[in-house]
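Engineer: Residue strings, one per chain:
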Amino acid sequence: MASILVGLIILLIVVVLVQILRVNELLSEVNDKDANEVTDSDNNTQGILFFTIAGVIYLALVLWQFKYWGVHILPPASSLHGATIDGLMNFTLGLIIFVFFITQPILVWFVFKYRGSKNKAAFYYPHNNKLEIIWTTVPTITLAAVILYGLNVWIDITSADTSDATVVEVYAKQFNWTARYAGDDNTLGDSNFRLVKGLNELGVDMEDVNAKDDIVTREVHLVVGKPVLLKFRSQDVIHSAYLPHFRVQMNCVPGMTTQFAFTPTQTTAEMKEQEGENFDFILLCNKICGIAHYNMQMKFIVESEEDYNTWIASQKTLKNTLTLK
Amino acid sequence: MMELALKRNIVSKQLLCVGICGIVMFFAGLTSAYIVRKAEGNWLEFEMPVWFTISTVAIIASSALLWFSFQNIRVGRSATQLLLGTLILGFFFAYSQVQGWEQLISEGVYLTGEGSNPAGSFIYVITLAHLLHLVGGLIALSVTTIKSKQGKYSKENYLGIGLTSIYWHFLGLLWLYLFLFFSYT
Amino acid sequence: MSEHHKETFITKYVFSLDHKMIAKQFLITGMLMGIVGMAMSILFRLQLSNPGESFAVLEFFFGEKWAPGGVLDPNMYLALVTMHGTILVFWVLTAGLTGTFANFLIPLQIGARDMASGFINMLSYWFFFGATIVMLISLFVESGPASAGWTVYPPLSALPQAIPGSGLGQDLWLIGMALFIVSSLLGGLNYIVTILNLRTKGMSMLRLPLTVWALLITAIIGVLTFPVLLACALLLIFDRSFGTSFYLSDIIINGEMLHNTGGSPILFEHLFWFLGHPEVYIILLPALGLVSEVMSVNTRKPIFGYKAMVGAMIAIAFLSCIVWGHHMFVTGMDPFLGSVFTFTTLLIAIPSAVKVFNYLTTLWKGNIRFTPAMLFAIGFVSTFITGGLTGLILGDSALDINVHDTYFVVGHFHIVMGVSAIYGMFAGVYHWFPKMYGRMMNKKLGYFHFWVTFISAYGVFFPMHFLGLAGLPRRYYTNSAFPMFDGLTDINEVITFFAIIGGLVQLLFIFNFFYSIFKGTKASQNPWKSNTLEWTAPIERIHGNWPGEIPTVERWPYDYSKPGADDDFIPQDVPLTEGETEH
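Protein sequence lines correspond, in order, to chains A, B and C. Under the working numbering, think of the first position of the first sequence as 634, with each following residue one higher. Under the working numbering, think of the first position of the second sequence as 8, with each following residue one higher. Under the working numbering, think of the first position of the third sequence as 201, with each following residue one higher.
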């Protein structure tokens, strides 16, 4: 019933539109004018509209959005490398906003100023090699700077010294995360997906001597100021470990191990004071992985060394939780 | 469309050649996937089956016959016999491919399932892809051979044989590339 | 010129060999699929901005199974996101844009009777039609359409156990895409060979309209990159249906341990993006070509820097083939590769900037005539600047770490493709409609369509950058699972609001289009007073385009407002006057 009504309404709207257009055309014919010819008056109107809407209003709204929605942008990074990323981001954002606020006004100003009329003429200006060279060279130099800066940050991040880092494995599957600490030897026991069975959810090879002190948890605790090396695995499809507050993201790909090292610089307690009681560092999945892709989360807690030691001491090692047979 | 008719020869050949570029990129994609995967290890090494060497000889021979048939029609002699020879060798190529696969299976190289390895899977998929393109070539050759038998080609008009030749020689060169690629990488 | 066969309804309208008819077939199929893809996005946005709320319209479209109680099922949400992307990227922006304008404009603008092979051209459309049918069927299968994103990464896209859409729906998607790729390749063959061989006397390469250059360059990269997607899809088909392990390894899904070892999903990503990135330039370049033409005609002056424009397009095309890794910065790739791809990606900004500055200079001291087409052409420049600039952030590997796969990416690619390139397409349709159908589209509706679209498009996609910088991932069924995103509800509601309005106003465009085909005011032969050759052909579209001889070309296409001329335009077939030099 409802769909018939909706269909009829649509039909009615179409009929009305058709009639309006017919009337419009007949009226033009009566006045011996072409309804679809673009007149000087049209040019004037559209030129003004363009300047106003695509210029003034658009740019004002962009500024408005920065002011009122900019507050939602992530707080400054809570990691060492994250701070360098933020620096690069601010630089690049600043650059593109600068270019934006120069080119868009030029565009709408030209569109307004040169709105056409019958008694005006355009200026025949087919090319100017000097100008081309200028606006090839300036972007090239600018981009060279952006590239050098960017590559600098990237190389620093990807060649970070991880020899002192605490190793923690983050294991992804549909639809949750599990963490595995490497224990006192800071070496993860070998794993193989064929060993996943029962309580051994991560397929750890208990024959490997390094595995005995591994600790499996459902949340990650980190010591503020100490580097950590996260190693990622996946059980089924590609997931992506996204820790936005730390500026960390790395795909978790079944069949390989990926990794990302970082050093947290703020404790969860500090962040709660800054951002509100409800704040938590969180791990999200950021690669489409199935029905509950939107709800794969794990808490990360950054704390002092004493608090961390208390917590880790209370966790059980694999030696104690997995039967050996 | 008189203007087009005059250029028909050139245009048809260019259409075919651009198409061949596309096919080359298709196999470039497959063979680069092969190289990337091989570099990751866990790669079964095995010899090319003898039947693939026989395939290579067959297709080169077929191209030779085709070339001679083309030389014939250019001076107005009938190309039918040599076209027929090419066609037969073409079918033999297809047969030898299948024999090659069976030889691989008997040597424990499988496409899929227990005991299979990407090294094997790639060989099957890529040679199958080549063979499917070759089927197109066989169809073209068959049509050309029949038309030749019907006397449709002459010294003035042998575009069909020309186009079929370009495509068939391409298939031969492609096979040669694949064969050497698999043998030496 | 009636050496042609007598035309029946079938040969004229269905299995036509005439490039103009084939162009219209592509256009209409693309437009209709565009409505489907657009509708999908409005429907899934309802869920995003009002999570868990019941909508009668959702239940109407998806029934009890996929929208129980009027609430969209999460699997169907992902399916809609996937199909929306697939349909808009390939059906509308590739086939609808190139298929239409390459077919329509190339022979007419170079002075040829038709494409090099009308038969291959016809096949190109019918393969496209077949692909369309297969994709549409996939929408109705019981386990749902493909749902792994338009990028269909395995293992998700390989395993029906991982998501239902990866069953039959994904099979049909792969078959549809294979047919689509064949269609694209067949078209590309024609475009290249026709432009290189069938130009009329006097039409040297440097006298070609920029539209033709753009379409030639697009066709070349298409022929080089689409086959790699076919190779990629072939290996996926084998993994899905024949148990190979090209992309799969070490998987336990739904408790089942799979036998595959040795495969790499990253290999898929390399092969996919080898096409995937050039694809977006296959979308953009024709739009650049169309806009160049529309802008020149409507500023009544030459496009500024013709050779630089050609050089920039070639540079963009070349660079586009060596940047694909920027989609894979966070896959754990070798950091050195990451550096290389950052370098090449940021380089693309240079020719893009050159083009923008050339457009601005074209507008400078022009005598601008605001046809609806021109509004869209100028809108193209505005959105290309906006969208292009955010590319600098995404192309920088270190910055991509925190914005990869967030709404920042969604905002960026929609503004450059879903807005800019579409504006190019609209500009093309409004501008060449008189040539296609001999009638004019309604101007007032055109203006209304432009302004509502312009405002809505920015309203939908600009805010997304803030969502991305707030850390909001894409392809999320709802944002309500993470308290950190609670503050973003307002922004989401604004986006949905504009999406609905922007979507609905497109129906007005569709109405204008079809109404004008039958009832539009009759067009004169050269209503825009344009120089290019298509406007020298008679309004009654005939097979073979020109009733007599094909015009000979005497000059380049951009002699608008040339000093010393009587009129503010000089068509290409007008010989140089005494003492006049060619540009």
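Hints may contain errors.
Covered by chain C, per the in silico footprint, the following chain A stretches (three or more residues, Cβ under 8 Å) [to be verified]:
1) 812–820
2) 854–862
3) 895–902
4) 945–953
Pair ranges (Cβ atoms, derived) [said to hold, decoys possible]:
5) Ala-12/B <-> Glu-662/A: 29 to 37 Å
6) Asn-723/A <-> Leu-232/C: 22 to 30 Å
7) Asn-723/A <-> Phe-188/B: 30 to 38 Å
8) Phe-188/B <-> Asn-397/C: 47 to 55 Å
9) Arg-827/A <-> Ser-441/C: 22 to 30 Å
10) Phe-714/C <-> Val-663/A: 43 to 51 Å
On the chain C side, residues computed to face chain A include the following (Cβ under 8 Å) [unchecked claim]:
11) Ala-239
12) Asn-250
13) Ala-348
14) Ile-452
15) Gly-532
16) Leu-547
17) Leu-575
18) Ser-582
19) Asp-605
20) Ala-681
21) Arg-741
22) Trp-746
23) Pro-747
24) Glu-749
Keep in mind that the hints were calculated from the coordinates and are not lab data. Virtual Cβ for every residue (Gly too), placed ideally from N, Cα, C.
Engineer: All hints are to be evaluated individually against the structure, with a verdict given for each.
Structural biologist: Outcome of the hint check:
no. : hint                                : verdict
1   : 812–820                             : violated (count 0)
2   : 854–862                             : violated (count 0)
3   : 895–902                             : violated (count 0)
4   : 945–953                             : violated (count 0)
5   : Ala-12/B <-> Glu-662/A: 29 to 37 Å  : 46 Å, violated
6   : Asn-723/A <-> Leu-232/C: 22 to 30 Å : 45 Å, violated
7   : Asn-723/A <-> Phe-188/B: 30 to 38 Å : 49 Å, violated
8   : Phe-188/B <-> Asn-397/C: 47 to 55 Å : 34 Å, violated
9   : Arg-827/A <-> Ser-441/C: 22 to 30 Å : 24 Å, holds
10  : Phe-714/C <-> Val-663/A: 43 to 51 Å : 26 Å, violated
11  : Ala-239                             : 13 Å, violated
12  : Asn-250                             : 15 Å, violated
13  : Ala-348                             : 6 Å, holds
14  : Ile-452                             : 5 Å, holds
15  : Gly-532                             : 3 Å, holds
16  : Leu-547                             : 7 Å, holds
17  : Leu-575                             : 6 Å, holds
18  : Ser-582                             : 6 Å, holds
19  : Asp-605                             : 5 Å, holds
20  : Ala-681                             : 4 Å, holds
21  : Arg-741                             : 20 Å, violated
22  : Trp-746                             : 26 Å, violated
23  : Pro-747                             : 26 Å, violated
24  : Glu-749                             : 29 Å, violated
The earlier numbered hints that this structure contradicts are 1, 2, 3, 4, 5, 6, 7, 8, 10, 11, 12, 21, 22, 23 and 24.
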